[in-house]
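*Asks:* In case you want the letters, here they are:
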Amino acid sequence: MSRRRETILWIARDYLKCTGCRRCEIACSLFHEGWIWPEASRIRVFMLVPGIEIPHFCSQCHDYPCVSACPAGALSVDDRTGAVIVNREKCTGCGVCIRECPGNIPFLHPGDGKAVICDLCGGDPQCVRVCQEAKFNALWAVREEKDGWGSYNRKLFAQTPEEITKDVAINLYGEKGEEWV
Amino acid sequence: MVRGYAGKFLEVDLSSGRIKDVTFSDDILRNFIGGRGLAAKILWDRLGNRWEEIDPLGPENIFLALTGPLTGIYPGSRVCISGKSPQSNGIIGSTLSGEFGNELKCAGYDGVIVTGKAEKPVYLFITDDNAEIRSAEHVWGKEAPETIRILTKEGLELLKKARPGAEKVKEPAIIYCGPAGESRVRTAAVMQKISHAAGYGGYGAVMGSKNLKAIVVKGRKPLPSVASPETVKILLREVERQLLERDRLRRWGTGYGGYEVGARQSSEPVRNWQEEWHDEKRFGGPKFDFRYWVKRYWSDFNCLVACMKIAVVKTGPYKGAITDDPDYEMQAYLGPNLGIFDPDKCIYLSALIDYLGFSGINGGNTLAFAAELYQRGILTKEDLGFELNWGDVEAFERLARMIVKREGIGNILAEGTYRAALKISEMKGVDVTKYAVHVKGVEVGAHGTRSGLDFNPIAYACSPQCGDHTSGVYDAYNDMRIIFFDSAVVCSMCGSPLIWDFYKAVTGWELTDADWCRVLGRRIAHIQRAVLLLGGPDIFWKPEIHDDNPPRFYEPLPSGPYKGKTTDRKTFEDMRKQYYEAIGWDERGIPKSSVLKELGLEDVDKALDKVRKQ
Chain A
1 MSRRRETILW IARDYLKCTG CRRCEIACSL FHEGWIWPEA SRIRVFMLVP
51 GIEIPHFCSQ CHDYPCVSAC PAGALSVDDR TGAVIVNREK CTGCGVCIRE
101 CPGNIPFLHP GDGKAVICDL CGGDPQCVRV CQEAKFNALW AVREEKDGWG
151 SYNRKLFAQT PEEITKDVAI NLYGEKGEEW V
Chain B
1001 MVRGYAGKFL EVDLSSGRIK DVTFSDDILR NFIGGRGLAA KILWDRLGNR
1051 WEEIDPLGPE NIFLALTGPL TGIYPGSRVC ISGKSPQSNG IIGSTLSGEF
1101 GNELKCAGYD GVIVTGKAEK PVYLFITDDN AEIRSAEHVW GKEAPETIRI
1151 LTKEGLELLK KARPGAEKVK EPAIIYCGPA GESRVRTAAV MQKISHAAGY
1201 GGYGAVMGSK NLKAIVVKGR KPLPSVASPE TVKILLREVE RQLLERDRLR
1251 RWGTGYGGYE VGARQSSEPV RNWQEEWHDE KRFGGPKFDF RYWVKRYWSD
1301 FNCLVACMKI AVVKTGPYKG AITDDPDYEM QAYLGPNLGI FDPDKCIYLS
1351 ALIDYLGFSG INGGNTLAFA AELYQRGILT KEDLGFELNW GDVEAFERLA
1401 RMIVKREGIG NILAEGTYRA ALKISEMKGV DVTKYAVHVK GVEVGAHGTR
1451 SGLDFNPIAY ACSPQCGDHT SGVYDAYNDM RIIFFDSAVV CSMCGSPLIW
1501 DFYKAVTGWE LTDADWCRVL GRRIAHIQRA VLLLGGPDIF WKPEIHDDNP
1551 PRFYEPLPSG PYKGKTTDRK TFEDMRKQYY EAIGWDERGI PKSSVLKELG
1601 LEDVDKALDK VRKQ
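Listed in order, the protein sequences are those of chains A and B.
Just so you know, the first sequence maps onto residues 1 to 181 in the working numbering.
Just so you know, the second sequence maps onto residues 1001 to 1614 in the working numbering.
Be aware that a few hints might be false.
Lysine-lysine pairs mimicking PhoX-like chemistry, simulated, CA-CA at most 25 angstroms apart [as the list claims (entries may be wrong)]:
| # | chain 1 | residue 1 | chain 2 | residue 2 |
| --- | --- | --- | --- | --- |
| 1 | B | K1319 | A | K17 |
| 2 | B | K1221 | B | K1233 |
| 3 | B | K1314 | A | K166 |
| 4 | B | K1319 | A | K176 |
| 5 | A | K166 | B | K1319 |
Treat the hints as calculated values from the structure; they're not laboratory data.
Excised from the complex, chain B in its bound form:
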């Protein structure tokens, strides 16, 4: 028996309504672990031979919600969402925290594989070794709070039926898409609770395209048994001891970043990255902390870091807005990047974006892109129906709602920043792609490269997850570790070098850091790279063009202590060349046959022939 795993996956075909259990061999689990790694394997095996034809928003795409062997056991429970990405046309492993992962394992499943498309809106209800497809017509169109309220109530009633009497049953965990996902907005997130998002990848839109509103799960079994329980208990205490030392992360979360990243590092997006510096002290950490945070330590299952905090606006026109910190990325993307330096407005917009199931990073990027086009007179009041000035939170709310409903210009912006840039360039006869701050269709995280104090020049350009700030690359070795966290499916904020010992104690399988970074992790990165190069059906990436930073990252910083600095193209090109060599790609950025064969990816090698011939 495989340890650390529940032992089976739930597969649901929404077209036929068929539900079955599937399993993977020990060999596959050992090599691909779970989460991001296993997603790459499943998607490659099932869709690899016609990858370019697969429409990410068509019924042939596969929606995955996968745990890993460490989920629930190692601190920081998460679940990994994947499929063919409607943003990158590749595979992104997008994780979000919450109890969904551990509940799923306690219900006896390691993951959910959803194929096909339901005729009408549905949700999945999963209990111990059992699942049913239920109508979601009554929650379709609903924002987060209403969705959670209805599905929690319904879930509790269903669970209660099985356990009559006075006993109180605990609520199920829920992942869902918001109205943005329902409208197949390519920057729609998969959500949990009110504010937890798997934003990168656009998998909310994949849920929406399948008419899948939510997955609701309650497990009553213990977490799966492990190989060496006593060792796990000792390691758990030791990892916890290490995590307790991260006092700043615990105290402030990333909610003190909105000021610091701009003021100190000059790497925070300001007005669609036209600047990366600001010194707006009213947007500082203590302001959020003492005016808004009603819960200073907020966590999910098995996490003592508690880097999340709950913010509530208690007075004024935005009274009643409730969200997490906002964390740094939300502070930046729904703050300075929209010309907003008022925490009230940032929290309000953060809550709104979350409630719509719109990714705060990706969608926030698109909102700012539109505002820059307005600033430049390319998009006009006639195009939008209203003025879109920096800092105007009401205008940004209006635009966000238009995107989510795909109304007017919103229908174009719903395609994400890059695709919208292509369309608007055509529409207006001016090239606006230079204002699109994305890498391969994925809007970049809120960390710039120009000041030289934050992300390195190839972090996004060569990453299999493109603009995803959680998965930046560096030397083709150390950057493989994040793939392990996404595959074992635990929070990378709870990282510890003890994770390999932990993995062994849980699964009984030996795995060294070097083996992972040289072979297993690299194999997963190669599958992700291959599908990114295969791409399609609407956009195909060419490494010589698209393994690059957004044009804006080569403009000199216009303000702040690093004024004049920019990403040095020569340094970037040297690093990219070194990266290609180190990871095993040819000078054009295509994985070498010899390397793919070494990694046992012969079929991937064969599929890349057509890319090599281009």
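With the rest of the complex left out, here is chain A:
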């Protein structure tokens, strides 16, 4: 009997095309916080080198190390989207999820100090919407097999902003990029 393959929603990303407009941060915070609050956005654009803008957000590792590490049991995986959901009642803001994330992607909310992780807006990610609207195409949403080919690669996107910056700077700026990082 063949079983239907489980899928997840994933935000594909092209760092080389990020313009640094940070409208993803604006859309994210408008959706989740009700107002423009870049520091509370689930997607954060780092610009450690001018012109090298890196949208930094959850890459939904196949093994979800943050979820299994959470001592408060505050993290779970959404069945439908595969997003990591933070139970804000349970979260103690201990920061273990940040440490366990290979890219140190989660962060503590500037307001209440609880962990912040991309929840894919429940299936219609707002960051993708504005990036697509602007035709920048740095972010787009895809449905992928949860455990199929490519699922391990997702974890490779869980890198620190410094690591990603280095690669993108060299790609765009060549040897000068090495001097910058």
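With the hints as your guide, set chain B onto chain A.
*Replies:* Just chain B now, kept in the frame of chain A:
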């Protein structure tokens, strides 16, 4: 509570090291908004009664970095830099894009007011409702990349201290002056990132004169709350929809101008404006686009226009040069205007000028002025130490570095084109001011008036911002709108007629286009006009002489399809007369008492008495 504003300004006295918060009444904010308007108000209130005595490069000048109520919320985040201008001796509102404005508001401040002078180089580090003065001795003398690297690293370490653990903190925004500002070069810009400049006004030199290398800011709060958030969200989407239609601006930025403005409009500076036409197709947009642009859409906070592009030279002797487009003004001023038609060299020079914190427009103008004097044999190899031929990028680099270090002839050219022209005229016993392409000490933007296809004959001559191409005037009504963009502090490239609705939804205050153009904007323009007429301490402008175009703009165009055309003096004089009448100035160009009183500017009126008596 005032909506759209963070609610307070940071005031720092660098002489005493005192830091305090200051506020302005709702009435002042309502009338002067922020940015350029508020700068005019602050500077007039504090320095107006002794304006002529204030040395723009002395400790008594005030350096302002102001946001506005729309900054960060309306597309195209900017910050407005101002003070008494070391170029015009008046007030110029000089805006530059980047995240500084929105970061400052998220830190709880609407602006920074810097007075006095630090004993040693310092920078300001601003976080949520907090600021400190830190030593900048280790970054003094450093060019842009090194300055940004050091201050970003240091800023991140400081921010990290407050947030231990594995969490990644985001970098702060930085405005800074380069070596040009440190040397008080009057054409020094205030910079952000590697290439964003507030060039007009010479405020990099004001930073340098205060020993202020940079202001570094990171805010962790939301942007200030607004009066009608739901309306703002709807308007934001509608403005974005309009901006998305500007496909050419988005696609090409202004980086396709270097060819088109010369070839089609005959209004691009070529060899210090001796010509305004060229048909050099190798200097065309697609060349920049496909050979150099590694990022075709580059923006700052909340901007989907993305008119900037990142250019990198990947091969040859200029390999490794990185800058934006260059945008049209840089293409023109550091290209054809220096006799350079090779994009490699233009990008190289553009990056260099930016890294030195030297204004590409103003400084590029001065470089070309020097080259014309060399061409005419007025400046010689002995004066310069080398030959300065058109198109010789190495020679221009050498001269730029001499200016920035104020070495030799560079020390004279560091005073800007007009002041240098006065000195060189004296030195050489020949009048070289006719080769100085400036209006009231501000080198003009890269748009000529002679072909009749670009700027109108009074655009620069009657502008309170003088040579600033972003603030040209026309009819004393429509030209007031730019003052609003500079006061609400958003990018004028993101302009929309919906901005008044946007302003109301943000602040809760009603403001119509007509009210702005007739009263509020005009009031700001009048303060700017008054201080321009008061001027000093080194140069005083007389409208009958200085409300005019550079002499070159009356020479016939020597080449191209508009050969022989020039700015018609009679048309110019008629337009100037009409402009004076329309805005409310007398036949000598001095604001009328009745108009100033109507605008509630009694003290300005009183101060202008001495100008009227001259």
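*Asks:* Evaluate each hint against the coordinates.
*Replies:* Verification of the supplied hints:
1. B:K1319 to A:K17: holds (22 angstroms)
2. B:K1221 to B:K1233: OK: B:K1221 and B:K1233 at ~19 angstroms, within 25 angstroms.
3. B:K1314 to A:K166: Given that 25 angstroms is the threshold and the Cα spacing comes to 18 angstroms, the pair holds.
4. B:K1319 to A:K176: Status holds; Cα separation ~9 angstroms.
5. A:K166 to B:K1319: holds (19 angstroms)
Of the numbered hints stated above, none is contradicted by the structure.
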